[in-house]
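My request is simple: use the sequences and hints to build the entire structure.
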Amino acid sequence: MPEIRVTPLGAGQDVGRSCILVSIAGKNVMLDCGMHMGFSDDRRFPDFSYITRSGRLTDFLDCVIISHFHLDHCGALPYFSEMVGYDGPIYMTQPTQAICPILLEDYRKIAVDKKGEARFFTSQMIKDCMKKVVAVHLHQTVQVDDELEIKAYYAGHVLGAAMFQIKVGSESVVYTGDYNMTPDRHLGAAWIDKCRPNLLITESTYATTIRDSKRCRERDFLKKVHETVERGGKVLIPVFALGRAQELCILLETFWERVGLKAPIYFSTGLTEKANHYYKLFIPWTNQKIRKTFVQRNMFEFKHIKAFDRAFADSPGPMVVFATPGMLHAGQSLQIFRKWAGNEKNMVIMPGYCVQGTVGHKILSGQRKLEMEGRQVLEVKMQVEYMSFSAHADAKGIMQLVGQAEPENVLLVHGEAKKMEFLKQKIEQEFRVSCYMPANGETVTLPTSPSIPVGISLGLLKREMAQGLLPDAKKPRLLHGTLIMKDSNFRLVSSEQALKELGLAEHQLRFTCRVHLHDTRKEQETAVRVYSHLKSVLKDHCVQHLPDGSVTVESILIQAAAHSEDPGTKVLLVSWTYQDEELGSYLTSLLKKGLPQAS
Amino acid sequence: MKLYCLSGHPTLPCNVLKFKSTTIMLDCGLDMTSTLNFLPLPLVQSPRLSNLPGWSLKDGNAFLDKTELIDLSTVDVILISNYHCMMALPYITEHTGFTGTVYATEPSVQIGRLLMEELVNFIERVPKAQSASLWKNKDIQRLLPSPLKDAVEVSTWRRCYTMQEVNSALSKIQLVGYSQKIELFGAVQVTPLSSGYALGSSNWIIQSHYEKVSYVSGSSLLTTHPQPMDQASLKNSDVLILTGLTQIPTANPDGMVGEFCSNLALTVRNGGNVLVPCYPSGVIYDLLECLYQYIDSAGLSSIPFYFISPVANSSLEFSQIFAEWLCHNKQTKVYLPEPPFPHAELIQTNKLKHYPSIHGDFSNDFRQPCVVFTGHPSLRFGDVVHFMELWGKSSLNTVIFTEPDFSYLEALAPYQPLAMKCIYCPIDTRLNFIQVSKLLKEVQPLHVVCPEQYTQPPPAQSHRMDLMIDCQPPAMSYRRAEVLALPFKRRYEKIEIMPELADSLVPMEIKPGVSLATVSAVLHTKDNKHILQPPPRPAQPTGGKKRKRASDDIPDCKVLKPLLSGSIPVEQFVQTLEKHGFSDIKVEDTAKGHIVLLQEAETLIQIEEDSTHIICDNDELLRVRLRDLVLKFLQKF
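From first to last, the protein sequence lines stand for chains A and B. Sequential numbering from 1 applies to the first sequence in UniProt numbering. Sequential numbering from 1 applies to the second sequence in UniProt numbering.
Rather than coming from a laboratory, the hints here were simulated on the basis of the structure.
Okay, derived cross-link-like pairs now, DSS-like style, lysine-lysine, Cα gap no bigger than 25 Å in a straight line:
1. Lys419/A to Lys396/A
2. Lys224/A to Lys345/A
3. Lys636/B to Lys592/B
4. Lys494/B to Lys20/B
5. Lys462/A to Lys20/B
6. Lys561/B to Lys486/A
7. Lys280/A to Lys351/B
8. Lys632/B to Lys500/A
9. Lys20/B to Lys235/B
10. Lys462/A to Lys489/B
11. Lys462/A to Lys529/B
12. Lys486/A to Lys636/B
13. Lys20/B to Lys181/B
14. Lys526/B to Lys462/A
15. Lys500/A to Lys592/B
16. Lys194/A to Lys494/B
17. Lys362/A to Lys419/A
18. Lys235/B to Lys2/B
Now the structure itself:
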């Protein structure tokens, strides 16, 4: 029995280190290869020994697909390909291919240079890993091998984020990666056609949340920033260098321009300008408005936002600072946070989801006394605000995508177990499809029943279609033919053609039955009586009386003869071929009952 | 399968392919050579032009349109191969009752829009007080001076479309990417492939499960800025339609670029100005890139380059954002991230300046000597007309023709006598005949279809037998307004066997490696997809509640029984009969076989090589028993 097997190595009932193994029609595909922000030990990477126990990664996997450049989706890639060892193709979109190595290098620097970790991947490994990447364009069908094909759809979540369809023959799986169903200030909404996959693997970060309208959230955000700046406070917005940052920059930039604010806005690290440059060059991946107007004004050229210098953090007066990384788990955002945390005039706005174990998660869950390195305790007096700007689909969006793709089964990853449970029920109720939510290392097996494509000879098909397009429910009509299977070439032809092709002669099987009738008249008259009787009974059939005295019903021949011994009995010889057996045997039993008396 | 050929212009094709109940238009190029029959539209009133004898300024702009060979409202889809080949789109989508979809890549649409916008802008900014059309009447046309007198099909010449029509036409386009498989009505799949000629230019594969037509239009094997041509995917085509080869087969584009640069440098050094009539996109990017590398070494760094077009800015900006559609070298630049084309740097350093028209800022910045890139290459409208008038009288100046679409001598005709130098450096990167024959050897289509111009040497070089397509079997040629029946025999169609039915099939091996299974199934056809489902279970008798009518029992003769094959060995057959309780069996030999007599049952079985005949009394049980014994020896089909 063919089946699809799915095993999350990461992101099963969890957010972080996305890595999902899919086996479909004998092909093995790895979806994403991420790291976990909440751990700094072995658990930060997916457990690849699940595969390596039984052999090399390259032998087992047909390809690896990376959905977007966030580290929880690609952070383990150099470790996976260079340290564990994988030489097969890695597919991702062009913007992901451009931005991914930069974020990996950033991540490596923090891990090695700042935390002093040994046994981490090197810069060279990142380069070598990226050499294995093949760029995929939207909607392009990429033939991984003769049977396995993949296709990318726009996902909207960050620049270059894509959903992927993985297809072998008539079986297919769609993996959403992270996606956003509502367009934002710089990206469009995710879209997929009605591709009816056997399985849809969707993220479920916001499985239970229905977010209010984007406009309200934006207004809230601007109001909070404005108030803080007005009272002379400093606003810290921890972000990842690419993605949300650009959206919020566009938002603040237009607000500053409209209201005429003077307080400086800074963006930390040199990465920013480069990041904005990527956005300028990948305009076709942004939303429609930006694409339409970029010739007149490129939205990613900011007037009010300037590069941040470490010294600015201590300067007096209000300011807004975007700093990386977004979950306050390391780097500049954490440094600034420690400086500003003690002042209640200041504010930190967390614009995205924070993984458990990070400082961001701790302050969002209400913790106000943080234990830092060296047993220092940091008291948080500044205001902590959470604004969901992460570009994930909310529950409504997830339902919308399921409705768009019309899958036969749904599998949830990249979310918290409790919330998944709720969404699972909702999906099962609304769409009447099975929904799964495996934990890491747990395998879901779905039996599939793929139909078998064969070639039908046009002659046979046309003969059948000529008899009317719609099959009649009351009288099902059967198409009869012979399937010739030669190697992997399957052809359905008419039986005559099959015989001819194989050089075989037809063997005709014929039956002739003697039916004795009590009839004293002459044979010719008996024949006439048989004819009129059959004519009246068999209204839908072609009954003929031939000049030589015989009667035919379709191709069945009936002849009347005298009985050799009994002149009062006539013998009807009913003769038919095997192909007409039903009708032939029906006729004999009908005639056996005798003819109606002549009136 | 038929091909309706609506255009006789080999590089501006327009064909309609009828394939498996779909009607597909391949390109809709606009042949603008008829504009050469008209006077230039000057931006400034020119007494010289309006007083030229033998020329009429009355009628404005007219373009050749399609004949009514086919009802264009029946076209289901239009496939666009590059931005030059879509210029007639508004005429078709807006005026023929067309209700289908147009497929094109994003660069084709964006740059195509720019070309149309420029065209409309050029025409609309010099409005005409009156227009004449009565001359198109055959009786009057006869009396007109040549070449108008000899122009064919003038009734199909049209006024230029409006921006509103352009926008409406472009809104009917659906964007596609290379190697994207697009299903048309479940019957046909179309796929664009990179053709290497321009940004987003594509060849198309039109295929069903068993047939494949390749449409090759405007392809290039030279390494310029676009993504290289995808040749491998064209393999195994039944028919390859070949259009859009180079218009100047004898010119080497690289040599032409060199000549262009040296002539440009020479003129400027002597204090003259250079005019380059060009389209706002395409070769101009390559020319600017060459100049970028050339100007410093040639000592031209102080010379201003002007690019004047209503869409100059957009064209330069758009070229930088289509990374996915560029050649590998340019793609890697984007990863740095740097703009893929060096004209960004030329603009930044103020060496290249662009203006929407000669009015406004340009008149303040204008410095001579300079180099001006501007349209239209026909020299009949656009800012180029002004520069021809301005610079034509001085022999210091040079006009360099790089676009191959118009005869430069004809283009210059209304400006004669001219003192300025004229250099003809046509740069056409499309396939030449050597490349074509290599390509055809590589992809080996069963049949090649091409415009008739390609099956014979050009009229001006009739001895050059190498300037034509050479392939086996010889290419089928078409001319304008012809309908070709493509040599195609469709034999098979894809059908899906549902898994439940597949499980019930019993294959038997007939020869090594060849197995057979008889299939009786119900055919379902929906959206041009065929599915075989298992036959329904025979309906249960309704239990006698309903009165039975005689006709209920009559079997449907359409229930087919399989054919039989094989032969029956008599001895084994008799043994089998005995085993099943028949006794008193006699076998008689006949000329062709045997007769087996079952005396007790008064039954006779004639067995021959290819037939068996059972003759018995009307005893259904007996007959069925005998039948099954016979069938044991035969194979069913």
